Amino acid sequence: MNELKVIGREHIGHIEFTGIEGGFGKDKKAMLVKDIAQIHGKTVKAINQAINMNRKRFKDGIDIIDLKDPEFKVNLVDLKFSSKAISNANNIYLLSERGYSKLLKI
Numbered sequence: 120m121n122e123l124k125v126i127g128r129e130h131i132g133h134i135e136f137t138g139i140e141g142g143f144g145k146d147k148k149a150m151l152v153k154d155i156a157q158i159h160g161k162t163v164k165a166i167n168q169a170i171n172m173n174r175k176r177f178k179d180g181i182d183i184i185d186l187k188d189p190e191f192k193v194n195l196v197d198l199k200f201s202s203k204a205i206s207n208a209n210n211i212y213l214l215s216e217r218g219y220s221k222l223l224k225i
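Take 120 as the starting number for the sequence shown in this note's numbering and just add one per residue.
Since the hints were made in silico from the structure, they are not lab data.
It should be emphasised that the depicted structure is a prediction, and the values quoted were computed from it without experimental measurement.
Treat the hints with caution; some may be incorrect.
To be verified - Under the rule of at most 20 Å between Cα atoms (straight-line distance), these lysine to any residue pairs were calculated in the SDA-like manner: (1) Lys147 with Lys221; (2) Lys224 with Phe177; (3) Lys203 with Asp188; (4) Lys148 with Ile131; (5) Lys148 with Lys221; (6) Lys124 with Asp179; (7) Lys124 with Arg217; (8) Lys199 with Asn209; (9) Lys124 with Gly144; (10) Lys145 with Glu190; (11) Lys147 with Val125; (12) Lys187 with Met172; (13) Lys224 with Asn167; (14) Lys175 with Asn210; (15) Lys147 with Thr137; (16) Lys147 with His130; (17) Lys224 with Arg174; (18) Lys187 with Thr162.
Can you make the complete structure from the sequences, with help from the hints?
Next comes the structure, spelled out in structure tokens:
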């Protein structure tokens, strides 16, 4: 898998989120579930539940990556996660554009 590159803060309207490239291919954009939750006014827990209930619809490495998977090396603190959030989370999902599109259909 490609390495993740934080490209800075992005904006959609008045909402600021972490711009990320990589993980799914060179220069492919990706988005964290915590940012998707903020954009849609949902909780991270609600978005994760929707993903987990429909997990078979998402292809690993194409639609979704669980950043807590030991196979994927990434510094979650660089992605603005606190140590407490990292230890409390079962999953920290990163979605490709295709994965985000699938999530919107659920």
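Verification of the hints:
1. Lys147 with Lys221: 16 Å, holds
2. Lys224 with Phe177: 12 Å, holds
3. Lys203 with Asp188: 17 Å, holds
4. Lys148 with Ile131: 15 Å, holds
5. Lys148 with Lys221: Holds, at about 15 Å.
6. Lys124 with Asp179: Given pair Lys124, Asp179 holds - Cα atoms ~19 Å apart, limit 20 Å.
7. Lys124 with Arg217: This hinted pair holds, its Cα atoms lying about 18 Å apart.
8. Lys199 with Asn209: Roughly 17 Å separates the two Cα atoms, so the pair holds.
9. Lys124 with Gly144: Holds, at about 11 Å.
10. Lys145 with Glu190: Roughly 19 Å between the alpha carbons, so the hint for Lys145 and Glu190 holds.
11. Lys147 with Val125: 12 Å, holds
12. Lys187 with Met172: Holds, at roughly 18 Å.
13. Lys224 with Asn167: 15 Å, holds
14. Lys175 with Asn210: With Cα atoms ~15 Å apart, Lys175 and Asn210 stay inside 20 Å; holds.
15. Lys147 with Thr137: OK: Lys147 and Thr137 at ~14 Å, within 20 Å.
16. Lys147 with His130: 17 Å, holds
17. Lys224 with Arg174: 13 Å, holds
18. Lys187 with Thr162: 19 Å, holds
In this structure, none of the earlier numbered hints is contradicted; all agree with it.
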